[in-house]
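Q: Residues per chain are reported as follows:
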Amino acid sequence: MKFSDEMLMAYADGELDLVVRAEIEAAMARDPKVAEAVERHRALAARVQSAYAGVLEEPVPERLTGLGARSGAAPIVELASARAARDVRAMPGGWQLPQWAALAASVVVGLFVGMLLMRGPALPYEETATGLVARGELDEALTSQLASAAGHPDIRVGMSFLDRSGDYCRTFHMHRNASLAGLACRSGEEWKLEVLATAPVHQGELRPAAAMPMAVMHAVDAAIEGEPLDAADEAAARDAGWRKKPDMAE
Amino acid sequence: MSTTTPADEVRDALGELLPRLRRFARVITRNVPDADDLVQVAVEKALARAAQWQPGSRLDSWMFGIMKNAWIDEIRSRRRRERVHAPEEAGAQVGDASAVSRDIALSVQAAMARLPEEQRMAIALVLVEGLSYKDAAETLSIPIGTLTSRLARGREALQRLLGDDRSSR
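Chains as they are written, first to last, in my numbering: chain A, 8 to 257; chain B, 15 to 183.
There may be inaccurate statements among the hints.
Derived lysine to any residue pairs resembling SDA-like cross-links, with alpha carbons at most 20 Å apart [what the hints assert, rightly or not]:
1) Lys251/A <-> Arg183/A
2) Lys199/A <-> Glu147/A
3) Lys148/B <-> Glu22/A
4) Lys148/B <-> Glu132/B
5) Lys9/A <-> Ser163/B
6) Lys148/B <-> Asp12/A
7) Lys148/B <-> Met14/A
8) Lys148/B <-> Glu13/A
9) Lys40/A <-> Arg174/B
10) Lys148/B <-> Lys251/A
11) Lys251/A <-> Glu196/A
12) Lys148/B <-> Asp24/A
13) Lys9/A <-> Ala34/A
14) Lys148/B <-> Ala226/A
15) Lys40/A <-> Lys148/B
16) Lys40/A <-> Glu30/A
17) Lys251/A <-> Leu130/A
18) Lys148/B <-> Leu25/A
19) Lys199/A <-> His225/A
20) Lys148/B <-> Gly173/A
21) Lys148/B <-> Gly143/A
22) Lys199/A <-> Gly143/A
23) Lys199/A <-> Ala239/A
24) Lys251/A <-> Asp170/A
25) Lys251/A <-> Ala229/A
Covered stretches of chain B (chain A as the covering partner; in silico rule of three or more C-beta atoms under 8 Å from a C-beta of chain A) [claimed, not checked]:
26) 37-44
27) 51-57
28) 136-149
Simulated from the structure, these hints should not be mistaken for laboratory data. C-beta: ideal position from N, C-alpha, C; glycine also.
Please construct the entire structure, taking both the sequences and the accompanying hints into account.
A: Quick look at the structure:
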């Protein structure tokens, strides 16, 4: 029996069940190359571990230990002042405080606006001859919203990727009356909903993929070709109108 | 202060977690000031939303998830700004293992710094923090198969960078 390197890695990490473990151990006993491969994975793991072990011994800076001891009122304000006092490094893109504050605020505002909008009658998807198709605000969010951006208050796009046929797909969370999550793939000028499932609720806050239902995860696994898009590719794909990629040239 | 709320519980437990949070932050941000900023932001966020943490679930995974999201937001906004200011350099930060000669052996931290973000996060959670594949996949909000392949590719790249790519295939 031949084991993939990924299998041997999982074995070295203690991830496999008893049966497979036993098979791999038998293979290791038979074939020194298999044993070596496992050993290589273990050695690397140990090396990486020890490379960062020192951090645990470092004294924790006071500004961090202080955080836990405080009775956490108005943390955002505290953070802002902590930073202002600390003379942020001048690189073009240090931590942008207002961003955090805005994010926190937008969740609250989003909840309100969302509640008002939710009275709206139109469903954000439609049943067509080929299946469910995104409409209205969902269609708009899928077409224009980037995963990193706060766009529609009740719709968040999770990850984007290319499927095996070269079409773009995107996962999303949507909070209307219920929390829903799904996978939509580009089909012509529309977003076809491949999966739509109930998502666990987190107190009204949309937590993009943290609570992605298994049904959606499985659909992603089955559809994805390669890796999810990074932020730059995602923006480029959006700007190009999510048109199918004829070739994958950089 | 007489009754213990989830928020108190989180606050108490976070104190003990701080060294590990700093370590995780160090791996993913690759430098000390960013790492401690990230821990600070994540702790503030965690305290603000402590009610969302489910007592009994793993606080470390929860924190790592918050940190990962915060860091991704941060690098995205940095990249956006970089694109505005210096379009040519935008891609240069992304680690490219293949660009480094395989003859030069790097220190583990330097090698880790060259890995793409997502591979480094997978390695940080599994190899450094000791999470199971399942917990790590949940923390990163990715399917377990994706986690496994990121981990495998990250390790391959590390072996190469560290100069002990002795695979006999």
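Q: Could you run down the list of hints and mark each one as holding or not?
A: Hint by hint, here is what the structure shows:
no., hint, result
1, Lys251/A <-> Arg183/A, "30 Å, violated"
2, Lys199/A <-> Glu147/A, "13 Å, holds"
3, Lys148/B <-> Glu22/A, "9 Å, holds"
4, Lys148/B <-> Glu132/B, "16 Å, holds"
5, Lys9/A <-> Ser163/B, "18 Å, holds"
6, Lys148/B <-> Asp12/A, "19 Å, holds"
7, Lys148/B <-> Met14/A, "15 Å, holds"
8, Lys148/B <-> Glu13/A, "15 Å, holds"
9, Lys40/A <-> Arg174/B, "18 Å, holds"
10, Lys148/B <-> Lys251/A, "33 Å, violated"
11, Lys251/A <-> Glu196/A, "11 Å, holds"
12, Lys148/B <-> Asp24/A, "13 Å, holds"
13, Lys9/A <-> Ala34/A, "8 Å, holds"
14, Lys148/B <-> Ala226/A, "18 Å, holds"
15, Lys40/A <-> Lys148/B, "28 Å, violated"
16, Lys40/A <-> Glu30/A, "15 Å, holds"
17, Lys251/A <-> Leu130/A, "27 Å, violated"
18, Lys148/B <-> Leu25/A, "17 Å, holds"
19, Lys199/A <-> His225/A, "17 Å, holds"
20, Lys148/B <-> Gly173/A, "29 Å, violated"
21, Lys148/B <-> Gly143/A, "36 Å, violated"
22, Lys199/A <-> Gly143/A, "13 Å, holds"
23, Lys199/A <-> Ala239/A, "24 Å, violated"
24, Lys251/A <-> Asp170/A, "10 Å, holds"
25, Lys251/A <-> Ala229/A, "19 Å, holds"
26, 37-44, "holds (count 3)"
27, 51-57, "holds (count 5)"
28, 136-149, "holds (count 6)"
Going through the hint list in order, the structure does not satisfy hints 1, 10, 15, 17, 20, 21, 23.
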